[in-house]
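S.K.: So the sequence lines, in the order shown, correspond to chains A and B. Each residue of the first sequence is one higher than the one before, starting from 1 at the first, in our numbering. Each residue of the second sequence is one higher than the one before, starting from 1 at the first, in our numbering.
Think of the hints as simulated: they come from the structure by calculation, not from any bench. Quick reminder that beta carbons are idealized off the backbone N, C-alpha and C, glycines included. Errors might be hidden in some of the hints.
Sample of chain B residues lacking proximity to chain A, with all beta carbon distances greater than 10 Å (derived) [what the hints assert, rightly or not]:
1. Thr184
2. Ile188
3. Glu259
Label-pair restraints from in silico Cβ distances [as the list claims (entries may be wrong)]:
4. A:Glu80 with B:Gly250: 42 to 50 Å
5. A:Asp171 with B:Ala305: 31 to 39 Å
6. B:Ile229 with A:Asp171: 52 to 60 Å
7. A:Asp23 with B:Ser14: 35 to 43 Å
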Amino acid sequence: MTHALHTLRRPDFDVIAGWMKADESVLDLGCGEGELLQLLAGRGLRGWGVERDPGRVLAAVENGINVIQSDLEAGLAGFEDDAFDHVVLSRTLQTMRHTQQILAEMLRVGREAVVSFPNFAYWKNRMAVLNGRMPVSEDLPYQWYDTPNVRFFTMLDFESLCAGMGVVIRDRQVLDERGECVTEEHNFLGSLAVYRIGRGG
Amino acid sequence: MAEPGSVGPVESRSVVFTTPLTFAAGVTLPEWQLVYETYGTLNAERSNAILICHALSGHQHVAGYPADNPKNLGWWDNMIGPGKPIDTDRFFVVGVNNLGGCHGSTGPATINPATGQPWGADFPVVTVPDWVQAQARLADHFGIDAWAAVVGGSLGGMQALQWTIDLPARVRHALVIAAAPKLTAENIAFNDVARQAIITDPEFHGGHFYRHGTRPTRGLRLARMLGHITYLSDDQMAEKFGRKKRPGAGSYGFDVEFEIESYLRYQGDKFAGWFDANTYLLMTKALDYFDPAEPFGGDLAAALAGASAKYLVVSFTTDWRFSPARSREIVNALVKNHKDVSYVEITSPHGHDAFLMDDHYYHAVVAAYMANIPT
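Produce the entire structure from the sequences given, and follow the hints as far as they go.
M.R.: Here it is, written out as structure tokens:
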């Protein structure tokens, strides 16, 4: 049951892949070892990944995916406008300092973008804070002192930022800690949010 | 018995081509020779061949050693051999000395049939596309329709890139290491100072020093000293030499006082003892002229639009001769065309020379990429 394990580990991948079609192009920011791009390549997409960590870059080369070693905080200056059908930033936005800049850059180089992030307003996270502790969960799996996350925000926060930036939300899928789809009380029951966004106007 | 990982004893061979080759400069060589070495075995499908392109002072002796001189290791012996990143158990690897070289291929020291004298300064200026055409004839000689990969560092990487533009059907992968899509004014400036050092040496005799039984070693030594500075990094020089002084320093004179002076003079002397000054001029000129985007109005992406190879582009953080930003220009042009490309920026203190060094991570990246190349 390798597939089930995989899905359990990265349930957002199936959502992301569901928004894409064969022969489309995709840029995966913070691609890690290239798991998502391998999944998408299997579905006939053409992909490139951006990754900073040398160990993950090496693993991505081993996995035979196109990986470009670069630091996202420096922006996407090397990529042309409208270069890709999709630009993906999965579980990485919360680790970046230049939040608005990267969102704007994604929608410059991509026709549309996909962003997934842990929802800080998930009820267990709220409980943890009410009990006086920072939350640790499936989607926020770090202690406060070793977390790579630098931005803590909720679905409502993200949607309000999009509205402020003139970014259009085209689709949204919300998952609980087990990777199951949440159908109500999203900002309370959702542990991981996946958004498909585009340029406004 | 060769040590593990070594291709063992090797010998250079030569092949004479009797079909004329016309250079970009307009000169035609009716008959010409290339010297080469090979390692590993060409498979029945002839699909496992790798071409190694050399840089400014390189040659065909890439791996292993001559049977009579075990200390004379090939210039990329750490990269090529059984079980090494470019694995000769899987691949048939070809090293070649380029035209204009001084290791046996037709060059300035070859007799010009028209005069009965060495070509000297009359040898045509060769360009990277000229070399690609000549290397393609060598592929024909082996019956190789397409290289599994063309690999090179620095000027060698430029040849790998040019291959994918000029003969896209004949190269499946290109490893473009520590290269640039063209030289900057600063790069050309350094090259011209090196050339001027050679040309103004009284022993140069307008490039016809052979007939005077002499060599412009002073000029060549200066050229190499200058070049060597550009191959190192400031950090590495600081760490290796700093302001360390030689014994007897502090005499307020102009003899060698600092270790860096001693090192550079040694490197210059060593190089001037064996390298051909005319070849040095030709190699630096090939660098200056390299600009595959020029016929496409300066648009590198347009130049690469017809390429069908997959690419690995590698740069080194402290390389200021061809900095990581220059490699990114190549990567960006490839991505713009939706070509398959991976780009790795290796953290290294060794400057431009890092591409020749035995660095664990660098070699792991090349090995990983090579392992995915089907044969």
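S.K.: For a quick check of understanding: which of the numbered hints are violated here, in increasing order?
M.R.: The structure conflicts with hints 4 and 7, although it agrees with all the remaining ones.
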